[in-house]
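Number of protein chains: 2
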Amino acid sequence: MEKLTPRSENYSQWYNDLVLRAGLAEHSAVRGCMVIRPYGYSIWERMQQTLDAMFKETGHENAYFPLFIPKSFFSKEANHVEGFAKECAIVTHYRLKNAPDGTGVIVDEEARLEEELIVRPTSETIIWNTYRNWIQSYRDLPILLNQWANVVRWEMRTRLFLRTAEFLWQEGHTAHATAEEAIAETKQMLDVYAEFAEKTLAIPVIKGVKTPNERFAGALDTYCIEALMQDGKALQAGTSHFLGQNFAKAFDVKFANKEGKQEYVWATSWGVSTRLMGALIMTHSDDHGLVLPPKLAPIQVVIIPIYRNDEEYAAVRAKCEEVYKELKNLGIRVKLDDNDKYKPGWKFSEYEFKGVPIRLAMGPRDLASQSIELARRDTLTKSMENINDIGIRVINLLDEIQVNLFEKARKFRDERIYKVDTWEDFTAVMEKGGFAYAHWDGTGETESKIKELTKATIRCIPLDNPQENGRCILTGKPSNQRVLFAVAY
Amino acid sequence: MEKLTPRSENYSQWYNDLVLRAGLAEHSAVRGCMVIRPYGYSIWERMQQTLDAMFKETGHENAYFPLFIPKSFFSKEANHVEGFAKECAIVTHYRLKNAPDGTGVIVDEEARLEEELIVRPTSETIIWNTYRNWIQSYRDLPILLNQWANVVRWEMRTRLFLRTAEFLWQEGHTAHATAEEAIAETKQMLDVYAEFAEKTLAIPVIKGVKTPNERFAGALDTYCIEALMQDGKALQAGTSHFLGQNFAKAFDVKFANKEGKQEYVWATSWGVSTRLMGALIMTHSDDHGLVLPPKLAPIQVVIIPIYRNDEEYAAVRAKCEEVYKELKNLGIRVKLDDNDKYKPGWKFSEYEFKGVPIRLAMGPRDLASQSIELARRDTLTKSMENINDIGIRVINLLDEIQVNLFEKARKFRDERIYKVDTWEDFTAVMEKGGFAYAHWDGTGETESKIKELTKATIRCIPLDNPQENGRCILTGKPSNQRVLFAVAY
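Protein chains in written order, with my numbering: chain A, 1 to 489; chain B, 1 to 489.
Read the hints as simulated data drawn from the structure, not as lab findings. None of the hints are false.
When chains are identical, the list treats them as one kind, so a pair holds in a single copy or across two.
List of simulated lysine to any residue pairs, SDA-like, C-alpha gap at most 20 Å: (1) Lys56 with Glu45; (2) Lys56 with Arg46; (3) Lys335 with Glu57; (4) Lys382 with Asn404; (5) Lys76 with Arg95; (6) Lys258 with Asp340; (7) Lys341 with Pro142; (8) Lys249 with Gly83; (9) Lys56 with Gly23; (10) Lys382 with Ile392; (11) Lys56 with Pro38; (12) Lys86 with Glu110; (13) Lys56 with Lys325; (14) Lys76 with Asp108; (15) Lys341 with Tyr138; (16) Lys419 with Glu431; (17) Lys76 with Ala99; (18) Lys335 with Phe348; (19) Lys86 with Thr103; (20) Lys86 with Gly104; (21) Lys56 with Lys335; (22) Lys97 with Ala217; (23) Lys97 with Ser75.
Work out the full structure, taking the sequences as your base and the hints as a guide.
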């Protein structure tokens, strides 16, 4: 197999080649839309299952709202339309007809919609328009819903998983009787995302809140989890928004409280998307290919028999089959690859490239000594194992690899959080990559100016951020806390 | 709770009221698009999970292809464009801008797409355009993929679940080296659908093949499963298409066979949709509300404590909690409803309306006698049960209810398959509802004429249909087999 472009040489080339060659996704014939291939999709499915269970444990149910949103809905919430509705797919007609010259089909101009429909870029508007009919009294609250859906935001520069015109995501939309309850929900879902990122994706994240400049269009507060990629750029891995009463006011959603008084409903929304696939790949993978945390790996263990003739094959195959069955019975996602069209060496690099966490290989000599070779994808190390202990060994090792990937990423990330106090040090960090933890004067103007000069944005104000007097990195004006800057995806 | 319109009085009113009032789905602000509410969605989720596992067991993987399809793709397969692409949602622009008069947003005419995009009504074209790059040799075959997705077909007259502009479905798209293999796949998936319908939905179905008039646009053969609703109308519950080499030819998808010769690839596609929700409701439910088969019921058992004062409550509640835990530990989806805002009578009709298969109720006297009242939703019968046997009793009963619903529906269906030999008998069947199993001369003209006269279509030619000489019900011309006619949804 052709070698990957090394990360050190060209990180985005490395990423793109890896996504394509590992069979995760590819560009489609439609500008900006990707095809998620089966191997990529099966990783996404595991993310979905894990998150879905976490949502249900915290009392949420799934529902489904329309793909299309009437154009006028976007104008109802002023900030929302400014932030969102501009770059989107617009449906204007509902019928094709045969071209008169017989060369195919054309749009039937007589089938023009009275009001254009927007393919949802996010669903606050259509959902809050629906909630109006569902909510009369405090007894109807809270509403705790989630939707798994595709959304479309017309992007000019796209990158597989990271930025595509159509992507898959989940969007939670909840309705509450009080601000306190809505804020608690917003924070709870941030915690769910952080736990999911760290325990399942093995990606360390910093929980924080966005500055007004970086807030979701229509939110009073946007909470987020921020991760650091191997090239030193940050990636926002999930957001949870406290929407206040903005959408309730825009769509006239009121409830009678316990005293019978009419009040506007309080809202949250929160989402993660197939972008997490990009975060996963860029956090763990290396120049040899994908590295997958065991909890998400479609294949956790591959077993490869090694033999030179039919007799050897029969003996080795039988033992490999035994190991296969043992691991399968232990609930491990295991594959026995006895395809004889490919040589063991080819298979070794194939599974390494695909990020299978553990590879087991056995030849006639191993069989004789009751041993089996075990290779770890995360450390690229090999060891000989006693075949009689292999079940428990593999189970423990899968846990160990999961933890190791997280710890490795955390170490990498922690080493790249720089406390800086001068503009010179700040720009140096932005050039080499990493988070700069620096004082800022708290104004949107300064934030914009810093972005203009360095491409860096304030990724978040970490939760429970210590208060400390200092001076803004750019303006020298007084500041009472540091915030986290980085150049971001 | 207000009574449902009885089925005998107005079947479609009954259906519509039931869907709305049971909280399954509702119409949205977007013409023809529905909102699937949490209770409805949780039933659909169970359908998805069951089917998805069956697809994977038969070797299929999931993937995801773009929502949009370039307009020109539809013209490539001549029959497909005739059958499909006309009534659809067409994206022509990709940007909104602020209206000059400040009244909201308008379409930015400068952001017109060079080629219009169609919101997928089905994905054969975009998928076969992708397969061209994935298939070079026989080693790349078969490709066995499925996609869970939303699709849009612009419908003028919509009904919740049964016919909506946007609906959710799965679409399998497979590619094979030989016609035989593709035909075997087509039939295998028909069997999967039939098993799913009968074992999970408890809906008896007839497996058959469509006449050329009723085939999927672009298919050489369309296999289907047909069910009978309680109003005597048929409903197509799933289809599996043998597409021959039509799409491979349209999108130039060839492979090198074992002899190195270039051949076109053979295709199948197969799908079921949220329409199954409609079939489920119309097969089992009654004038008291929903009836759900235990395998799909979000709540399989509800436990309702009955009491007049705090002392009684404490005692009854404690025992109900015990029963709840026992059933939960047995893997049953059980709910203990001790909400004191509602009276037991209200709860009884609520859960009856929602189709919960088993209701358990316990008051102080029951507690004293170590018994519990059990009510079955399918038969509306009650019995007193020994509280110490309740776990095993409930488990067995859930199985029994699942089977009973199927048998009841099968009896209903079987009693309405009429062998008819005269036009008079045929029209009588079409008026009262049911399947007419009748001779037909095999021509599309006669089929169309019968449809014109009676609204009846040939639902299918059953698989393994006995050959028998007879005369066409309309034309009197010779026929060698009967086919199944019905008025259909």
